[in-house]
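S.K.: Take the two lone chains, each set in its own frame, and fit them into one complex as the hints suggest.
Going line by line, the protein sequences match chains A and B. As numbered in our numbering, residues 1 to 113 make up the first sequence, in order. As numbered in our numbering, residues 114 to 230 make up the second sequence, in order.
Treat the hints as calculated values from the structure; they're not laboratory data. Treat the hints with caution; some may be incorrect.
List of simulated lysine to aspartate or glutamate pairs, EDC-like, C-alpha gap at most 16 Å [as the list claims (entries may be wrong)]:
| id | chain 1 | residue 1 | chain 2 | residue 2 |
| --- | --- | --- | --- | --- |
| 1 | B | K116 | B | D131 |
| 2 | A | K9 | B | E157 |
| 3 | B | K116 | A | D59 |
| 4 | A | K70 | A | D59 |
| 5 | B | K151 | B | D168 |
| 6 | B | K183 | B | D168 |
| 7 | A | K9 | A | E24 |
| 8 | A | K101 | B | E157 |
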Amino acid sequence: DGGITQSPKYLFRKEGQNVTLSCEQNLNHDAMYWYRQDPGQGLRLIYYSQIVNDFQKGDIAEGYSVSREKKESFPLTVTSAQKNPTAFYLCASSRAATNEKLFFGSGTQLSVL
Amino acid sequence: AQKVTQAQTEISVVEKEDVTLDCVYETRDTTYYLFWYKQPPSGELVFLIRRNSFDEQNEISGRYSWNFQKSTSSFNFTITASQVVDSAVYFCALRRISSGSARQLTFGSGTQLTVLP
Chain A
1 DGGITQSPKY LFRKEGQNVT LSCEQNLNHD AMYWYRQDPG QGLRLIYYSQ IVNDFQKGDI
61 AEGYSVSREK KESFPLTVTS AQKNPTAFYL CASSRAATNE KLFFGSGTQL SVL
Chain B
114 AQKVTQAQTE ISVVEKEDVT LDCVYETRDT TYYLFWYKQP PSGELVFLIR RNSFDEQNEI
174 SGRYSWNFQK STSSFNFTIT ASQVVDSAVY FCALRRISSG SARQLTFGSG TQLTVLP
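Extracted from the complex, chain B is given alone in its bound form (with noise of 0.2 Å):
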């Protein structure tokens, strides 16, 4: 079974301020896709990344990076210099490469952020 926890159920920061979140995911898959998805107040998730477990390499998109540790099953994502526009509830998620359809996606239970002025 799969399994993803985000265990910040709610986090406050002020504009301009460093943030991560953090999701740790059990799998018993050796290969498998993690993502980080945005729910803005408006309701629709917004997909920001997806990463491959065979390629631990970090990656940067703008004020945006992501920290992949397969060695502590960790996938935890980074804002930094935070905006008021950042706030939203970031969900992560991990499928099974194998899964032939998004059937096989797990949610975490998403960590709210708001970024205060």
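Bound-form chain A, shown alone (with noise of 0.2 Å):
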């Protein structure tokens, strides 16, 4: 089946630390994004891809980093210069930038020890 797979599905950071999240997709799709969902808000985004081997930032990328090295893969960095990093991170992608339909993973919830 096509899909987005997120992994994992829940993680911990300790401080001080980085942690990567997964996001895979088989759809073939060129564009790739990242958003964060926070408690009561709608979803922000940190970053996208539009094509491989480049990417942009979104409205509140300080303290995330990406990488698309592979059309497929679009895995996001949380650094720990992110403060506030506790939140559910949606991964979506898109055929092309300029299609409005987004897939989206089941996401990741991103919790601080």
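M.R.: Listed below in structure tokens is the structure:
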């Protein structure tokens, strides 16, 4: 089945630690996105990538980093510089950057120990 | 700047009742897209509908219907004869048609709908 796979479903971070959230898609989509969801708030865009080896900052990129070495993979690293990382992280993809229909993964809940 | 407001944080209804989720938006653009997404307890968002700003015709899909009123900047979503499986968080979103990517996609804060048996 085609779709987006995020792992792990739950992740815990210690102070000063970097953690990486995985996102893999087998939809052959060019564009991929990372969103952060906080309780009672809408989704906010962290980073997005329109094609392989290219990515752009979203609205809240500080404290995060990404890479797009392969079309199907768009991992997100939450660095120690992100002082409030506890949130639900959603990865999404679309056929092209101009295609407005997003397909989402099932998310990763990140918590700080 | 774009803004999407979903004033209803939580709604509870009893199964088979009709329920309307409100969405009000702000934009300076004359052409734009409006969306509704559903987020069930499993977490992933599921696309429900996209509406162009130049098409104000209301749409019905099974038990779902959408009322787009450009004059009041609203795009409300009604579920008829609600079912327990409709329980989810529903997000309204707005995007410029002129935008080259989903970067300009603005989400509302969501409405948690609980349908009680």
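S.K.: Now tell me if each hint is right for this structure.
M.R.: Tested hints:
{"no.": "1", "hint": "K116(B) <-> D131(B)", "verdict": "violated (27 Å)"}
{"no.": "2", "hint": "K9(A) <-> E157(B)", "verdict": "holds (12 Å)"}
{"no.": "3", "hint": "K116(B) <-> D59(A)", "verdict": "holds (14 Å)"}
{"no.": "4", "hint": "K70(A) <-> D59(A)", "verdict": "violated (24 Å)"}
{"no.": "5", "hint": "K151(B) <-> D168(B)", "verdict": "violated (22 Å)"}
{"no.": "6", "hint": "K183(B) <-> D168(B)", "verdict": "holds (9 Å)"}
{"no.": "7", "hint": "K9(A) <-> E24(A)", "verdict": "holds (13 Å)"}
{"no.": "8", "hint": "K101(A) <-> E157(B)", "verdict": "holds (14 Å)"}
The structure shown violates the earlier hints numbered 1, 4, 5.
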